[in-house]
Each structure stands twice: as C-alpha cells, then as structure tokens.
Amino acid sequence: MRTDFAMSHIPVYVYFIFIALLWVGITRCFRRTIRIRRLLVMPLLFAALGFRGFFGLFPHPADRDVLAALLGLAVGLALGWHHARRWTIAIDRQAGQITVPGDVMMFAIILGSFAFEFALHYGIESRAVWVAGWPVQPLAAGVWAWFLGMTAGRNVNLALRYRDQQGLPVAEAP
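Each residue of the sequence shown is one higher than the one before, starting from 1126 at the first, in my numbering.
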C-alpha cells in the first residue's frame, strides 16, 4: 500500500480557513445591515487572493492569461451587477448603513474559490497531467477574475444605489 501521496498532510490552518469561510458564507445567507464601507472588503480580498494565488502558482503569465482574466472579470461584473439589481435594500444615510437581503451567491463564491484553489494546488503538488495542459493557466486566470467580478459587480451595484438613494428607508424595509 502506497503512503507517500501528494498532499497527504494538509496543514491544520487550512481547516481553520475552511471553517472561517463557511461561517462568513453562511452569515451572508441571511438579511444583514452593514456599513457602506464594508462593501469594499470582499472585492479587495478576492483581488488580493486572486493575484496571490495566480502568481504564486503561475509566475509567468502569458497574454492569453491576461485576456482570460479580463474576460472573466467582465462576465463576473455583469453577472454580479445583474444579480444584485433586483434586491430590495434599505438605506440609513445617517448611520451610513445599508440593509441587504440574504443571498446564497456569496456563499457559493466563497466555497467555489476555496475548492478551485484546493484543486489547483492538489493538481500541481501531485504532478497531475491535466495541470500541464495549456488551458489550465488561462482558465485559472479567468476563474479567479470571474469570482472577483461577481463580488465587485454586486457591491458596486449596491454602492451606487446607496449613493443614488435607490432603496427603502429603514423603517419601510421588509
């Protein structure tokens, strides 16, 4: 029986990260009131993790990788914007807060990005044949940018609606 499997030892911190991501994702499934500035947190986090993840695994991007990232970002922005545009939100200008409905999309994005990153690391560490294929690097760039775009698209939509006061006053919110 072979015991020298790649990634046979997953560091303990990975489990803590996974549990933290589960908690963050589950809390996003319920209606919540947040400060408007917090709309920057997830897109910035996804941008930082995407750049770190991509350049950590693929230090020499090609032009097709940049093109795939731009395409993934554009598609993600459009989908995220479209997804959030139908939400009924409540705005409290005095407190600088916005109340948004619960949504499973952020949970799916968080879990999807974790699974995607885990699969890429596993493929590279196990020297899987599929990782050496030409579409993996542009696909990785596109998927990371798509996750960022989905998050940024919905949050830009919410921020602009807050700016333009397109929401119910807090007293009238469902």
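Simulated from the structure, these hints should not be mistaken for lab results.
Watch out, some of these pointers could steer you wrong.
[Claimed, not checked] Between beta-carbon pairs, the in silico distance windows are:
no.: 1; residue 1: ALA1199; residue 2: ALA1233; range: 15 to 23 Å
no.: 2; residue 1: ARG1160; residue 2: PHE1180; range: 25 to 33 Å
no.: 3; residue 1: HIS1208; residue 2: GLU1250; range: 32 to 40 Å
no.: 4; residue 1: ARG1162; residue 2: ARG1189; range: 35 to 43 Å
no.: 5; residue 1: ALA1220; residue 2: CYS1154; range: 32 to 40 Å
no.: 6; residue 1: LEU1285; residue 2: PHE1243; range: 15 to 23 Å
Cβ coordinates follow ideal geometry from the N, Cα and C atoms, glycine included.
Hint by hint, here is what the structure shows:
1. ALA1199 / ALA1233: 15 to 23 Å: 20 Å, holds
2. ARG1160 / PHE1180: 25 to 33 Å: 31 Å, holds
3. HIS1208 / GLU1250: 32 to 40 Å: Hint holds: Cβ distance 34 Å, inside 32 to 40 Å.
4. ARG1162 / ARG1189: 35 to 43 Å: 36 Å, holds
5. ALA1220 / CYS1154: 32 to 40 Å: 23 Å, violated
6. LEU1285 / PHE1243: 15 to 23 Å: At roughly 34 Å between Cβ atoms, PHE1243 and LEU1285 fall outside 15 to 23 Å, so the hint is violated.
Checked against the numbered hints above, the structure violates hints 5, 6; every other hint is satisfied.
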